[in-house]
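Starting from the known structure of chain A, fit chains B, C and D onto it as the hints suggest.
Number of protein chains: 4
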Amino acid sequence: MERWVRHIQLKPDISIKELVKEMGKCGVFSAGRVAKAVEIYREMLRKKSTIFMGVGGAVIPGGLRNVLASAIREDLVNVMVVTGANATHDLIEAFGGRHVRGNELVDDATLRSRRISRIYDVYVPQRAFEIFEEKIQPIFAKVFRDGSRISSAELLRRIGLELNDKNSFLKAAAEKGVPVFCPAIADSILGLQAWLYSQEHEVTIDVLKDIKEIFELASEAKNPGAVLLGGGVPKNFIFQSMLLTPRSFDYAIQITMDRPEPGGLSGATLEEAKSWGKISKNAKTVMVIGDTTVILPIILASVMEKG
Amino acid sequence: MERWVRHIQLKPDISIKELVKEMGKCGVFSAGRVAKAVEIYREMLRKKSTIFMGVGGAVIPGGLRNVLASAIREDLVNVMVVTGANATHDLIEAFGGRHVRGNELVDDATLRSRRISRIYDVYVPQRAFEIFEEKIQPIFAKVFRDGSRISSAELLRRIGLELNDKNSFLKAAAEKGVPVFCPAIADSILGLQAWLYSQEHEVTIDVLKDIKEIFELASEAKNPGAVLLGGGVPKNFIFQSMLLTPRSFDYAIQITMDRPEPGGLSGATLEEAKSWGKISKNAKTVMVIGDTTVILPIILASVMEKG
Amino acid sequence: MERWVRHIQLKPDISIKELVKEMGKCGVFSAGRVAKAVEIYREMLRKKSTIFMGVGGAVIPGGLRNVLASAIREDLVNVMVVTGANATHDLIEAFGGRHVRGNELVDDATLRSRRISRIYDVYVPQRAFEIFEEKIQPIFAKVFRDGSRISSAELLRRIGLELNDKNSFLKAAAEKGVPVFCPAIADSILGLQAWLYSQEHEVTIDVLKDIKEIFELASEAKNPGAVLLGGGVPKNFIFQSMLLTPRSFDYAIQITMDRPEPGGLSGATLEEAKSWGKISKNAKTVMVIGDTTVILPIILASVMEKG
Amino acid sequence: MERWVRHIQLKPDISIKELVKEMGKCGVFSAGRVAKAVEIYREMLRKKSTIFMGVGGAVIPGGLRNVLASAIREDLVNVMVVTGANATHDLIEAFGGRHVRGNELVDDATLRSRRISRIYDVYVPQRAFEIFEEKIQPIFAKVFRDGSRISSAELLRRIGLELNDKNSFLKAAAEKGVPVFCPAIADSILGLQAWLYSQEHEVTIDVLKDIKEIFELASEAKNPGAVLLGGGVPKNFIFQSMLLTPRSFDYAIQITMDRPEPGGLSGATLEEAKSWGKISKNAKTVMVIGDTTVILPIILASVMEKG
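Protein chains in written order, with this note's numbering: chain A, 1 to 307; chain B, 308 to 614; chain C, 615 to 921; chain D, 922 to 1228.
In short, the hints are calculated from the structure, not lab data.
C-beta atoms are modelled at their ideal positions from N, C-alpha and C, and glycine is treated no differently.
Certain hints may be false.
[Stated by the list, open to error] Computed cross-link-like contacts, DSSO-like style, restricted to lysine-lysine with a CA-CA straight-line distance of at most 30 Å:
(1) K631/C with K343/B
(2) K823/C with K1130/D
(3) K898/C with K318/B
[Unchecked claim] Covered stretches of chain D, going by a simulated chain A footprint (3 or more residues, C-beta under 8 Å):
(4) 1011-1024
(5) 1037-1051
(6) 1077-1086
(7) 1117-1130
Just chain A, with the same shape it has in the complex (with noise of 0.2 Å):
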């Protein structure tokens, strides 16, 4: 049960594979957990678990784009549930908007009067936005259509299908059928573009659908797991979705910053979801304490097959 810590051996051009091999011999520290997220997401691929990923954070401008959408592709995840940012900053790259590798000692006075917005040490040109407002609306006029009342999860599959770019995630979520609820949607420029859309017409996002959409996912889920990328709403709304049903996730791993002492869903133990059903009690679970940016990419890079 309990083993040696062996110490990690390095060698030039080691394959991130072998790293978390050598990881996974360590002591159980950060190293060590990425080596254990790497065995559980392994183990729910060959359970062919139902893989439900919260992303919340700046991970669509921090670089992991690509990332999420090949994910998608490669059955990597199953159902999502995303920050209103994540969405638009997914959108702004579609429609051709950029982001920008800035500075975060900086001064945002000066930064507000050349018209860009900064998320920490990335700038977004406000250009950007104006984009984004041309081309959201078009498409609004088009997937609103058929409805007047529809969930988040449906007007961003409808949304993914009007896009034309691989590297949307949105799009490859659209496409392969992997739902993406997004329940706090009015907290965002999405959502801002929604409501100008319904000033002019008669039309709502309802958020209740979505409640009833990831129940019954939940409920039809086969060994499920959660991948949490950060806390905030989308690691609430993917557990919360547990509580409904008599299930609980089986497996479930967390990359985080955030600290448990405040007592806050973000930062909260694992184990904690135990206590509510959320996660069964004998759920194979990791929290990785570090940034998403760097830690996901170790993980799924280590879990896609070849060919």
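Frame of chain A, contents of chains B, C and D only:
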């Protein structure tokens, strides 16, 4: 402009106000920031700012329910944006349910078998959620009567008016005319209950209406100020309300344990918000790194006036 | 054993003691932990514990110099272990140098050209270090006279007796007979100055003697208690003093922002120390996650007695 | 100067070098910073920098012992400053003791009764410390023979030469002529053992000599660079070595989970070090927020050359 560090001088039976004054003399680390937050809050009150308060994290289970209700009654806050969890836990107590001081070092499977849900070191007996369901459903029947599609703020206002507990912040807000937005309401037990109600009744919660309502408040706000407890949806929804106006916040205080480097909005600096135009370039701002349950009572006790 | 969460009730002009009492009624997050720390500190005083205080982090530049001096004078601490930096910055002020309230968002190259060194948002004019050198060298000439190889504690005691500043914690400690250990003294400006002195004089600081001296204090300590401001060498040196005895700490309070997951001792839980026998298995302990400059004044103001 | 964010593209069997190259294309959050660290490290090697490595935190128990030994053997580091704990745990393994992969959610009183000491989720059997004592005392008898007052670096060099374990970083360093400083040696089990030895022998460890020795290295260093694993004494001692010279570090990489706001040096930004002249104003620097056990192997694997 720059000033000498003078050191905190303690004495027995020192009052909060006196201690904060001492903190204001010293280094600008956390203690100095608490003093600065008090200074900014006082200026907001003097200038009759419209104060938007964001309530993220486990503020109600953590013991600040009465503090929020008092803050509303004493005109220290004018608009609120809350997580669904904080609304739910306020209602749980209003309906007679209780939170229990527990222990974070505990076996969660055992808690589960004892029908106790854990929020860090606070316990919630499952019975509290059953009472919640028994009480909220008849209230839904009343409050949805006049509208099948209402905003979260209108829903919470109507619920607040039905309550009989003077310590409920939702009741205090409803009585005082302080709007309480909950744009991610679907992501909470309260949302789940609303969905259950919607199964039998043709109703929904129109989160796009929330955008409209907070936009109107932002447009009319006088010397607008933001007081952010934690981050999450409340922080972003408050800030984005200004994106629809030519205006921006003149004051901002955030209390958080989140950190900026991962790029998520919760831990983003208040400087960053200036690049977006959410905060004006000459705004007075301060970020206090600490736990809301310690820091907020100190700040509010210091700004409360006698009599 | 378990108790209901009651909520903090504020009032204008509430005293620190009253507020902490309120905190003690509520959730056990940070506010509850502050209350618990006060409870433990009071019990230590009642039981006439020998209290070992570890002083890590930027406590002196941050504004707690007088607080430490008062704590020593009022018998709230009996043995201290400090970083070289805290000793250095106490001496800087004793010699007439000052710390300046600055800004952490600043161009450091510019500060450099202005001969200002920065500690987060506190500035230290280079002139302060020059004064430090001018004043400390003659003191070394006096204090090393009677011994070419003295412990850091003996060195700091002799230096303390040479000072004329009642707000110096080193002076207060020397007068009160509170030993102040600085086992990593070589890692500080004070250490650099000692080394300069040693270039011309056959002297050194014998850190192994420090081990002997703190071991003797640990052996004789009554109901020993540890109060740890931050982590680092002070935390470890206090804890390891018990490894040489069959005894262990009966009380421990730590205030820190460090987290446990990376495995370093600074953020390690107090539970972990029980496995080493540094803390007794039935010890009363609490870890307050927060900044020392806010939390320590609250705790000490609460335990100080009038008159 | 500013560049578009391109997104990480994964593929099965991607090597570490390729992944880091991908990270370098994306946002500058953590992934971008890892790439930047590799870029800086490569430049240091190209410019034949003298590389000072600080080793704080639980690096050896955490599984990086072989990684450090390899880094020394492959000329990736030229001067080291370590905590006493990392030296102790290297020696424990060199003497045949082992670390065990355990669990951080455990009853520490039970561990105590099983004679196991815990470092987060790594266990150290008490037996390992007994073996340590048995083996280190005869080594002290040898290494102190030629000098009753030696620096920590000289002590560790002599101990390293006595070892028969090729994976010991102390042995690798001694053989390679890489000095290893341990200025806070009194604050460790190794220090306690030295003190025990000094009870019967007229010896001590002269930490002021360490200052002299590192000052000489700093004075002669070519394009000096600092690679800081965690903070603590190793970070400060490396930086302060430059205070005695007119020079400063031209490169600096830090990997840490500490944060800057509390003001302690461990979490202080590398910018701050410029105000002190520890880092030159045009230095290339990067701070990677993450755990050493994950980040360091990625960086070193990327800079290692084949054959």
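Verification of the supplied hints:
{"no.": "1", "hint": "K631/C with K343/B", "in the structure": "holds (22 Å)"}
{"no.": "2", "hint": "K823/C with K1130/D", "in the structure": "holds (17 Å)"}
{"no.": "3", "hint": "K898/C with K318/B", "in the structure": "holds (26 Å)"}
{"no.": "4", "hint": "1011-1024", "in the structure": "holds (count 6)"}
{"no.": "5", "hint": "1037-1051", "in the structure": "holds (count 4)"}
{"no.": "6", "hint": "1077-1086", "in the structure": "violated (count 0)"}
{"no.": "7", "hint": "1117-1130", "in the structure": "violated (count 0)"}
Going down the numbered hints, you'll see the structure goes against 6 and 7, while the others check out.
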